[in-house]
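Colleague: Given only the sequences and the hints, what does the whole structure look like? Please build it.
Note that the UniProt record's numbering has the sequence shown beginning at 1, numbered continuously upward.
Don't take each hint at face value.
Said to hold, decoys possible - Dumping the calculated EDC-like pairs for lysine to aspartate or glutamate here, alpha-carbon to alpha-carbon at most 20 Å:
#1 93 to 133
#2 93 to 140
#3 43 to 29
#4 118 to 144
#5 118 to 40
#6 187 to 134
#7 125 to 184
#8 161 to 144
#9 161 to 134
#10 125 to 179
#11 32 to 144
#12 86 to 37
#13 148 to 179
Hint data in this document are derived by calculation from the structure and do not stem from the laboratory. Just so you know, these numbers come straight off a predicted model, no measurement behind them.
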Amino acid sequence: MLYELQSSLIGENPYPMKSGWDYVLTSLDRGKMFTEELSEPEKISVLLSIVGTRLSNDSLTRFLDALGLYAYQGYQLRTQIILLSKIHLLPYKIFHQLQKQEVSTFALRRIARITDLKLVICLSKALYLGDSEEMLTWLEEKSDSAKKLLSPILRGHHILKMGMTPGPKVGKLLRQLHEHQIDEKVKNFVEAQQLAKSLLCKRVSSDS
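Modeller: Here it is in C-alpha cells:
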C-alpha cells in the first residue's frame, strides 16, 4: 500500500514535484532530526504521520492495522497519527489565507485544541512544504500564544458564584464561554464574566 503514495500539484498544494516515495524518504530523514526532543510515542506519531500524509484514509487505516498500532505507553498513537496526517496542510493554508486577510489566527488555536502544536511544528519541518521558512517562523511564533489562549479564563467555581446550580448546564456554559475566548470575542476576566452573566440571563428567560 505504500506504493499508493502520490505527488500532486493541485491548486495551492505545496508538495514538490518528485515521486511520492522519494518525498517520504527525505521527509523521514528530516523528521528524525526534528523529533529528537520528543517522547518516544510522540516521535513515532510524527514519523508515521509523514507516511500517512501521502496515503488515502482507507490506505492509512490498513497501514496502521498491518502494524497493529493503537495505544503505546498510554498514548493514543493511532488517533494521533490519523489526526496529524489529516491536518498537516492546515497550518500552511492558514498562513497563506492570513496573507490574504481571509482568516484570523483563531484557526490555529482550534488546531491547538485537538493536538499538541509542537507535533504539528515537527511534522511541518519534516515535510518542508512550499514557503516553509516563512511559514515555520510564523507557526513557531504563534504557537505559544495559541496555547496560552486555550486555558479557560472562567472555571466552574466562577459560574457557581454567579448563582448557577451545579450540573451539566455549568459545563455547557463553560464550553460556550471557551468558544468565545478562542475566537477572541472575550479577552480578559471581566469580559468573560460579563458574557457569562448575559448568557445566564438569556437562559433564565428561555426557561421561564
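Colleague: All hints are to be evaluated individually against the structure, with a verdict given for each.
Modeller: Hints, one by one, checked against the model:
Our distance criterion of 20 Å between C-alpha atoms is met by residue 93 and residue 133, whose separation comes to about 14 Å. Distance hint between residue 93 and residue 140 is fulfilled; the C-alpha atoms sit about 15 Å from each other, no more than 20 Å. At roughly 13 Å between alpha-carbon atoms, residue 43 and residue 29 fall within 20 Å of each other, so this suggested pair holds. Distance hint between residue 118 and residue 144 is fulfilled; the C-alpha atoms sit about 10 Å from each other, no more than 20 Å.
The straight-line distance between the Cα atoms of residue 118 and residue 40 is roughly 14 Å, inside the 20 Å bound, and the hint therefore holds. With a C-alpha separation of about 28 Å, the suggested pairing of residue 187 with residue 134 is violated against the 20 Å cut-off. Note on residue 125 and residue 184: the hinted pairing is violated, with a Cα-Cα distance of about 28 Å set against a maximum of 20 Å. Taking the CA atoms of residue 161 and residue 144, the gap is near 31 Å; set against the 20 Å cutoff, the hint is violated.
Distance hint between residue 161 and residue 134 is unfulfilled; the C-alpha atoms sit about 46 Å from each other, more than 20 Å. As the CA atoms of residue 125 and residue 179 are separated by approximately 29 Å, the hinted pair breaks the 20 Å bound. Taken as a hint, the residue 32 and residue 144 pair is broken in the structure, with Cα atoms around 23 Å apart against an allowance of 20 Å. Among the hinted pairs, residue 86 with residue 37 is inconsistent with the structure: their alpha-carbon atoms are about 23 Å apart, more than 20 Å.
At most 20 Å may separate the alpha-carbon atoms for a hinted pair to count; residue 148 and residue 179 meet this at roughly 14 Å.
Comparing the model with each numbered hint stated earlier shows that hints 6, 7, 8, 9, 10, 11 and 12 do not hold.
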